[in-house]
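Number of protein chains: 2
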Amino acid sequence: MSLTNASPADAAGAAKSASHILATLSADARNEALTVIHAGLTAARDDILAANARDLELAQQAAADGKLSQSLVSRLDLGRKGKFDDMLQGILDVRDLDDPVGKVTLRTRLDDGLDLERVTCPIGVLLIIFEARPEVIANIAALAVKSGNAAILKGGKESTESFVAIARVISAALDKTKVPNGAIQLVTTRDVIPQLLALDSHIDLVIPRGSNDLVRYIKNNTRIPVLGHADGLCAIYLEQSADPAMAADVIVDSKTHYPAACNSLETLLVQESALTTHLPAVAAALAAKGVELRCDAQSKAALARVPNLSVTDATEADYSTEFLNLTLAVKTVPSLAEAITHINTYGSHHTDCILTSSPEQAEQFMAAVDSSGVYWNASTRFADGTRYGFGTEVGISTNKIHSRGPVGLEGLMIYKYKIRGHGQMAASYGAGEGKKQFLHQRLPLE
Amino acid sequence: MSLTNASPADAAGAAKSASHILATLSADARNEALTVIHAGLTAARDDILAANARDLELAQQAAADGKLSQSLVSRLDLGRKGKFDDMLQGILDVRDLDDPVGKVTLRTRLDDGLDLERVTCPIGVLLIIFEARPEVIANIAALAVKSGNAAILKGGKESTESFVAIARVISAALDKTKVPNGAIQLVTTRDVIPQLLALDSHIDLVIPRGSNDLVRYIKNNTRIPVLGHADGLCAIYLEQSADPAMAADVIVDSKTHYPAACNSLETLLVQESALTTHLPAVAAALAAKGVELRCDAQSKAALARVPNLSVTDATEADYSTEFLNLTLAVKTVPSLAEAITHINTYGSHHTDCILTSSPEQAEQFMAAVDSSGVYWNASTRFADGTRYGFGTEVGISTNKIHSRGPVGLEGLMIYKYKIRGHGQMAASYGAGEGKKQFLHQRLPLE
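Those protein sequence lines, which keep their order, are chains P and W.
Quick note: the first sequence uses full-length UniProt numbering, first residue 1, plus one each step.
Quick note: the second sequence uses full-length UniProt numbering, first residue 1, plus one each step.
Errors might be hidden in some of the hints.
Once the Cα atoms are required to be at most 27 Å apart in a straight line, the calculated BS3-like pairs of lysine-lysine come out as [said to hold, decoys possible]:
1) W:Lys83 - W:Lys157
2) P:Lys219 - P:Lys157
3) P:Lys103 - W:Lys103
4) W:Lys103 - W:Lys178
5) P:Lys83 - W:Lys436
6) W:Lys219 - W:Lys157
7) P:Lys300 - P:Lys289
8) P:Lys157 - P:Lys83
9) P:Lys178 - P:Lys81
10) W:Lys67 - W:Lys157
11) W:Lys435 - P:Lys81
12) W:Lys435 - P:Lys436
13) W:Lys157 - W:Lys81
14) W:Lys83 - P:Lys435
15) W:Lys435 - P:Lys83
16) P:Lys157 - P:Lys67
17) W:Lys289 - W:Lys300
18) P:Lys436 - W:Lys83
19) P:Lys103 - P:Lys178
20) W:Lys81 - W:Lys67
21) W:Lys436 - P:Lys81
22) P:Lys436 - W:Lys300
23) W:Lys176 - P:Lys289
24) P:Lys219 - W:Lys67
25) W:Lys436 - P:Lys289
26) P:Lys435 - W:Lys81
27) W:Lys67 - W:Lys83
28) P:Lys67 - P:Lys83
29) P:Lys67 - P:Lys81
30) P:Lys435 - W:Lys289
Covered stretches of chain P (chain W as the covering partner; in silico rule of three or more C-beta atoms under 8 Å from a C-beta of chain W) [unchecked claim]:
31) 19–31
32) 57–69
33) 355–367
34) 371–382
35) 416–423
It should be emphasised that the hints constitute simulated quantities derived from the structure, not laboratory data.
Quantities reported herein were computed from a predicted structural model and do not represent experimental measurements.
No residue lacks a Cβ here, since even glycine has one placed at the ideal position from N, Cα and C.
Kindly generate the complete structure, drawing on both the sequences and the hints.
Rendered as structure tokens:
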């Protein structure tokens with residue numbers, strides 16, 4: 001790893017060169033590097049925590065001066081119970097995942113002695129831009145090495161001392177392995193994000209880890225593909241045939257389990273015919289958890305007799321708002337078609353759910369809603385790489401190409417086509433006398 | 001299909017709405033639409049050819065005035081032998097491909113009664129920008145309908161009459177099918193490309209079909225992902241152990257089979273130790289086909305005694321030039337490592353080949369060269385969706401994400417995650433007393 005004061009262009013060039021070597025290493029060589037990084041970080045715990053304490057002191061000062069939020073200070077603290085050990089365990093967890101490199105996904109015999117093979121390979125160079133959380137550097141370095149990608153890391157300035165300490169250890173560790181030192185680049189110089197985002201000839205994918213504002217800024221300022229999501233405006237459609245108790249459970253979980261998460265509920269669409277049968281109990285259950293409702297006129301009227309409710313009039317803007325707190329927008333819709341149109345128009349294509357007893361309504365909803373996750377009778381909070389069983393999560397993508405939804409290691413892979421021949425020429429094939437025909441025989445994937 | 005004089009934004013909005021319906025149609029409904037389009041175009045042959053003749057007349061006039069190239073006029077002509085029939089057959093060929101929609105690619109039991117499924121689905125709205133060839137409209141409309149994507153088509157102005165005639169037929173045909181009329185939008189108004197490229201909230205993927213300049217312009221002027229390649233700077237590395245006759249065959253085919261194609265050879269890298277053993281015969285074979293060589297000093301010296309050769313001194317720029325004609329840059333390299341570095345530095349990541357008898361050298365080359373196609377002893381001209389057996393070709397991509405190399409229908413697909421549950425809540429799972437654990441049991445894909 002380079003602790004670079006080099007220019008962003010030099011760092012990116014070095015990462016590109018390293019990526020070409022990294023792409024040829026065996027799974028054993030990559031896994032061994034993760035073992036060595038883990039050992040290095042384990043041995044250097046005291047140094048790293050001392051560096052983190054220096055970051056923390058400055059941050060607490062800044063928070064006292066009102067220049068930094070308390071939540072950022074808390075995310076910065078690597079000394080909190082279990083956090084350092086979790087970081088270490090995460091490296092071993094990534095190491096022990098299936099190797100994503102070199103999987104053959106298509107084999108075709110084009111002709112005798114002319115075989116086509118599609119093989120997974122690393123994308124190349126990742127740029128990871130993240131905010132203060134210092135453990136992200138170890139997590140991302142592990143994902144990059146495991147997947148055979150080089151990575152350029154740019155962290156928030158509040159955790160610079162922690163980053164540098166961790167980076168020194170990773171750098172020293174890589175020197176004992178086959179992974180080239182240049183494969184992980186840490187950029188600590190300030191104000192270089194615009195320069196990095198312009199390096200589309202060397203950087204193949206940007207992964208922002210941080211606030212919605214960070215992601216939105218990055219998406220709007222680069223031609224490099226961005227893996228992630230700016231918004232998570234998830235909706236649930238409550239249909240009249242849903243079991244009322246089940247509906248209240250799922251809606252409360254989706255809204256209140258972790259309101260600041262991108263997969264939390266922000267808009268509840270209620271079928272008109274469920275307003276009196278279902279909504280009052282759901283609203284009471286939400287109110288018991290402290291949720292404030294912003295209702296359209298119809299749903300507000302349906303809740304007029306429910307005691308102890310905090311209900312205000314919804315504005316049009318509420319249906320486009322990711323509240324990230326205990327506020328929920330409620331809207332009445334006549335039927336499934338209008339629910340689908342609302343979600344496809346106002347939503348962020350993240351995760352949306354229908355609550356119904358009707359398989360037909362559920363399947364229609366899941367086919368027509370244009371989101372990365374479409375659920376039937378399950379909390380939107382399940383949208384998560386760990387819950388999906390991916391072993392790790394690179395991020396959650398609302399992109400329409402490459403990878404969508406919770407992204408595991410697969411999202412850091414692309415493929416190449418290999419042809420192994422014996423001197424065949426294209427001119428030998430085609431229509432006409434003496435020309436050969438392609439076999440196009442599908443071969444087993446081994 | 002709308003023959004729209006509407007604004008680009010309105011056309012894109014209509015396509016987006018139509019895409020949500022199209023995504024829910026069965027394979028039968030989409031295939032039936034292709035049958036009806038085929039029948040409509042068959043019946044309207046005379047009208048379409050008459051419209052094409054009017055385009056052609058104007059184009060021939062413009063060519064006579066020196067305002068248009070003769071090759072563009074030739075590409076415009078739908079009346080050329082076999083061209084109309086090929087266009088018609090192409091629609092049926094696409095119809096008869098496997099349905100790419102709704103393929104289940106992952107199934108995981110998260111818990112009893114809580115199943116996760118990953119299912120292929122259309123990307124959404126495609127923007128296809130193409131130059132004069134009028135048959136492209138039928139080809140793209142067929143690919144879009146087959147893959148369940150809506151499409152906005154913007155063609156070159158020289159073929160406007162042909163486009164409008166074909167579009168009228170497709171529009172009338174779609175009215176008899178379940179595919180919404182708005183699913184295929186033809187934009188005939190001029191100078192709207194910049195406006196279309198700005199509509200990233202409605203358009204999910206841009207596919208340019210035309211010159212390198214068109215592709216480069218589009219890549220540089222939109223945030224929407226672009227599927228394609230601006231350059232095809234393919235290289236062959238001639239290693240000392242290669243069979244000399246085989247080497248000459250493959251190099252001549254790669255260079256001369258169709259020099260204007262993106263998968264044609266532009267740079268020949270010769271191992272130093274093959275300069276005298278291999279290069280003279282290769283050069284003579286190329287010269288017999290009219291190829292002009294641009295050589296570095298070492299390779300030029302090796303060819304000093306070969307008669308009737310057209311050899312000039314290579315400049316540095318020649319190794320970054322896609323000649324697209326019978327010119328070939330030749331460079332001497334000491335060994336495999338330098339060949340790989342040269343290709344990864346100067347190439348366009350399209351298709352590159354090694355000629356060798358050594359499996360070790362070949363595998364190392366194919367692992368380390370960062371291109372969509374990496375070949376061993378086979379012509380670069382095989383890089384083509386039809387030759388790969390994909391049944392159709394959307395384009396050739398040099399992107400590092402989503403799809404790479406020749407792109408078939410799969411490149412127009414993404415996936416979504418469906419969860420079918422029974423009211424499960426995220427809060428029920430995790431560490432601690434009374435919490436449930438995920439099963440993460442892989443299920444068969446049926």
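Now the hints, each set against the structure:
1. W:Lys83 - W:Lys157: holds, 20 Å
2. P:Lys219 - P:Lys157: holds, 21 Å
3. P:Lys103 - W:Lys103: Holds: Lys103 (chain P) and Lys103 (chain W) sit about 20 Å apart, inside 27 Å.
4. W:Lys103 - W:Lys178: Measuring from Cα to Cα gives roughly 21 Å; hence the hint holds.
5. P:Lys83 - W:Lys436: Judged against 27 Å, a Cα distance of about 23 Å means the pair holds.
6. W:Lys219 - W:Lys157: Holds: Lys219 (chain W) and Lys157 (chain W) sit about 21 Å apart, inside 27 Å.
7. P:Lys300 - P:Lys289: Roughly 19 Å between the alpha carbons, so the hint for Lys300 (chain P) and Lys289 (chain P) holds.
8. P:Lys157 - P:Lys83: holds, 20 Å
9. P:Lys178 - P:Lys81: Judged against 27 Å, a Cα distance of about 34 Å means the pair is violated.
10. W:Lys67 - W:Lys157: The given pair, whose Cα atoms are some 13 Å apart, holds under the 27 Å limit.
11. W:Lys435 - P:Lys81: Status holds; Cα separation ~21 Å.
12. W:Lys435 - P:Lys436: Not OK: Lys435 (chain W) and Lys436 (chain P) at ~64 Å, beyond 27 Å, violated.
13. W:Lys157 - W:Lys81: It holds: about 23 Å lies between the C-alpha atoms, which stays within 27 Å.
14. W:Lys83 - P:Lys435: Satisfied, since the Cα-Cα distance of roughly 22 Å is no more than 27 Å.
15. W:Lys435 - P:Lys83: holds, 22 Å
16. P:Lys157 - P:Lys67: holds, 13 Å
17. W:Lys289 - W:Lys300: Holds, at about 19 Å.
18. P:Lys436 - W:Lys83: holds, 23 Å
19. P:Lys103 - P:Lys178: It holds: about 21 Å lies between the C-alpha atoms, which stays within 27 Å.
20. W:Lys81 - W:Lys67: Holds - the C-alpha atoms of Lys67 (chain W) and Lys81 (chain W) are around 26 Å apart, at most 27 Å.
21. W:Lys436 - P:Lys81: holds, 24 Å
22. P:Lys436 - W:Lys300: violated, 36 Å
23. W:Lys176 - P:Lys289: The given pair, whose Cα atoms are some 53 Å apart, is violated under the 27 Å limit.
24. P:Lys219 - W:Lys67: The hint is violated at about 40 Å.
25. W:Lys436 - P:Lys289: holds, 22 Å
26. P:Lys435 - W:Lys81: holds, 21 Å
27. W:Lys67 - W:Lys83: Roughly 25 Å separates the two Cα atoms, so the pair holds.
28. P:Lys67 - P:Lys83: holds, 25 Å
29. P:Lys67 - P:Lys81: holds, 26 Å
30. P:Lys435 - W:Lys289: holds, 20 Å
31. 19–31: Answer holds; 5 residues pass the 8 Å Cβ test.
32. 57–69: violated (count 0)
33. 355–367: Per the Cβ count (4), the hint holds.
34. 371–382: holds (count 11)
35. 416–423: holds (count 8)
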